[in-house]
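Position in the sequence shown counted from 1, then plus 147, gives you our numbering.
Some clues are possibly wrong.
Stated by the list, open to error - Ranges between beta-carbon positions, derived for each pair: (1) 221 <-> 252: 49 to 59 Å; (2) 184 <-> 221: 36 to 46 Å; (3) 183 <-> 256: 16 to 26 Å; (4) 178 <-> 216: 31 to 41 Å; (5) 239 <-> 186: 35 to 45 Å.
No lab work stands behind these hints: they were computed from the structure.
If you're wondering where the values come from, they're calculated on a predicted model, not measured in any experiment.
We put the beta carbon where it would ideally sit given N, CA and C, even for glycine.
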Amino acid sequence: MHAVSNVRKDPHRDPNQDRGQALMLVLAVVALLAVMLMAMARFGARLVDIEQAQVAADSAALAGVVQGESGAVELAERNGATVVQFRQVGDDVIVVVEYRGARATARATRAP
């Protein structure tokens, strides 16, 4: 027995009609990958900003213990950050800084 195919070929159909379909799929995948890569780069840059803010806060708090608020402000500015809040409570100094929209808090103490 032979299998009979019900598929008819359209004699008017251009065999080249589907050309370029793979190209569109490849372009869509490349565009999606580009968007994902840009999102990952922005996320990575944000993480770097958060870490830099923490470094600036830590160093400003240590400077604040030794030199007071002026020392904390100066060191924060050297790190590209701005002191948002400075508090001295006994031997402790608490500093909040902002760096490119990221905020960080650090505490340092003079006590042993």
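Next on the checklist: When the structure is checked against the list of hints, which entries are broken? Sort them ascending.
Outcome noted: 1, 3 and 4
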